[in-house]
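Residue-level listing of the chains:
2 protein chains.
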Amino acid sequence: MNQIIETIMNHRSIRNFSDKPLSNSQIKIIVESAQRASSSSNVMAYSIIGVSDQEVKDKLHTISGHAHVKTNGHLLIFCADLHRIDQLKGIEHTEAFQTNLESTEQFIVGTIDAALAAQNAAIAAESLGLGICYLGSLRNDIQAFNDVLKLPSHVVPLFGLAIGFPKEIPDIKPRLPLPAIYHENEYIPFEKQKHFIQEYDQTMKDYYESRNSNNKQETWTEQINKKYEKPTRMDVGPFVKGKNFNKH
Amino acid sequence: MNQIIETIMNHRSIRNFSDKPLSNSQIKIIVESAQRASSSSNVMAYSIIGVSDQEVKDKLHTISGHAHVKTNGHLLIFCADLHRIDQLKGIEHTEAFQTNLESTEQFIVGTIDAALAAQNAAIAAESLGLGICYLGSLRNDIQAFNDVLKLPSHVVPLFGLAIGFPKEIPDIKPRLPLPAIYHENEYIPFEKQKHFIQEYDQTMKDYYESRNSNNKQETWTEQINKKYEKPTRMDVGPFVKGKNFNKH
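Going down the list, the protein sequences come from chains H and A.
Here the first sequence stands for residues 1 to 248, where the numbers follow full-length UniProt numbering.
Here the second sequence stands for residues 1 to 248, where the numbers follow full-length UniProt numbering.
Keep in mind the hints are simulated off the structure, nothing from the lab.
Since we're looking at a predicted model, the values are computed, not measured.
Don't take each hint at face value.
Identical copies look the same in the list; a pair holds intra-copy or inter-copy alike.
[Stated by the list, open to error] DSS-like, lysine-lysine: derived pairs with alpha carbons at most 30 Å apart:
| hint | residue 1 | residue 2 |
| --- | --- | --- |
| 1 | Lys194 | Lys70 |
| 2 | Lys205 | Lys57 |
| 3 | Lys20 | Lys57 |
| 4 | Lys205 | Lys230 |
| 5 | Lys70 | Lys28 |
| 6 | Lys28 | Lys194 |
Please model the complete structure; the sequences and the hints are all you need to start from.
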């Protein structure tokens with residue numbers, strides 16, 4: 001196992017940072033790393049908003065509810081961004097151009113471009129000894145998330161990445177067994193994979209029991225069922241369409 | 001610059017592989033690396049299909065048109081996957097559960113989960129001296145892409161990742177200048193960023209002129225305009241809804 005794979009394997013989300021800010025050179029190398037990720041046809045359909053202003057962090061904290069949105073070394077927000085491309089054409093925009101921009105296909109392109117860039121940023125940060133945590137919780141109120149950052153049309157805020165100096169190092173969370181997510185040459189029917197999930201349910205029960213800080217006793221299946229019984233963030237769909245994404 | 005950031009900075013897409021297959025241990029470490037990426041609330045809403053069967057590769061090659069889909073060391077297909085979660089609940093499915101699964105929010109979750117896993121796989125592969133290329137081109141016919149892999153409901157094939165032993169090492173492609181994609185504390189209006197794009201147009205012109213193998217003389221702006229004038233993959237939107245994703 002080389003140093004890179006070791007860093008990848010060693011990942012855990014950090015939710016408790018000191019308030020020591022990242023240096024400018026750390027931020028620069030993390031963002032440059034993000035930029036080197038692959039991008040569909042080199043369209044680079046994403047933007048990153050770096051948040052260092054405590055007032056902006058506090059506003060985002062109100063949306064997310066997580067302390068590490070307020071207290072971290074730096075906060076990056078990843079957006080799907082077709083605004084740049086929309087603006088390039090200026091007044092000559094044709095109907096076909098617009099139809100293209102507003103397609104589900106282009107929403108997928110922007111979302112994947114942003115996520116690939118983010119994961120490069122995450123690994124670069126971890127390679128510098130920093131901790132990271134993804135923040136989907138900022139979509140708890142996607143309109144407010146958008147408004148705080150003053151995003152124009154054709155820009156959708158997807159998630160945050162809190163980065164900083166860890167104040168604690170939690171255990172690594174077990175994942176589903178490899179064969180539960182990895183299929184060969186064609187999709188394996190769920191019936192044949194069910195026992196891997198039962199195995200994982202036991203793993204997660206043991207994992208939670210072994211932790212002092214957490215009293216969760218649920219299996220993964222129980223967690224999933226509880227989570228999906230309650231529709232959440234149902235405003236994301238209409239919001240995204242309102243930004244001229246994912247319309248058809 | 002550490003070894004990890006060096007690997008990230010050194011990325012270029014490889015489109016010419018030998019047909020030497022990856023070893024099983026290489027595949028295992030790459031997939032395990034993918035699994036260690038962050039996942040929204042640990043739902044792991046993605047699956048990976050590893051393609052080693054030449055017949056399956058050939059079928060996918062017909063869809064994509066790129067030679068490196070046919071000739072590589074291994075091919076990974078990344079899917080947004082809520083099928084596993086859908087199946088967990090079995091016959092007790094409530095309407096609320098279904099509404100949740102079929103939301104745009106959950107389509108975003110699956111797409112991001114898959115992309116973060118993929119970028120871990122890409123970096124792990126590159127750290128082993130292998131080359132990679134993302135394949136959005138498999139969405140050229142997303143229904144056929146789906147059918148070749150026998151994907152059930154609630155699974156959407158997103159892209160491929162061709163991995164292998166490089167037969168050539170192309171130049172690193174320049175990206176937009178950092179300030180064109182990186183904003184601070186709020187979104188910077190396009191007017192203030194325009195000159196970075198003009199700068200990049202010149203960079204890309206120079207880049208193409210310096211390459212022997214490629215006669216492209218277009219600026220990035222010209223490429224973008226040409227690309228978006230022609231709506232493509234407009235069947236992706238209806239296909240995704242047909243898989244019970246992204247419906248509201």
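Next item on the list: Please work out whether the CA atoms of Lys28 and Lys194 approach to 30 Å or closer within one copy, between two copies, in both situations, or in neither?
Entry: So Lys28 and Lys194 pass the 30 Å test across copies only (21 Å; inside, 45 Å).
Check: Given a CA cutoff of 30 Å, do Lys20 and Lys57 count as a within-copy pair, a between-copy pair, both, or neither?
Finding: Classified as within; 14 Å inside a copy, 50 Å across copies.
Notebook entry, point to check: With identical chains treated as interchangeable, where does the CA-CA distance between Lys194 and Lys70 reach 30 Å or less: within a copy, between copies, both, or neither?
Noted result: Neither, since 40 Å and 32 Å both go past 30 Å.
Notebook entry, point to check: With identical chains treated as interchangeable, where does the CA-CA distance between Lys70 and Lys28 reach 30 Å or less: within a copy, between copies, both, or neither?
Noted result: Within one copy only: 21 Å inside a chain, 38 Å across chains, cut-off 30 Å.
Check: For the identical chains here, do Lys205 and Lys230 meet the 30 Å Cα criterion within one copy, between copies, both, or neither?
Finding: within (22 Å within a copy, 52 Å between copies)
Next item on the list: Indicate which option fits the pair Lys205, Lys57 if close means a Cα-Cα distance not exceeding 30 Å: within, between, both or neither.
Entry: Result: close neither inside a copy nor across copies, 35 Å intra and 40 Å inter.
Figure legend: structure checked against the earlier numbered hints; hints not met, in rising order: 1 and 2.
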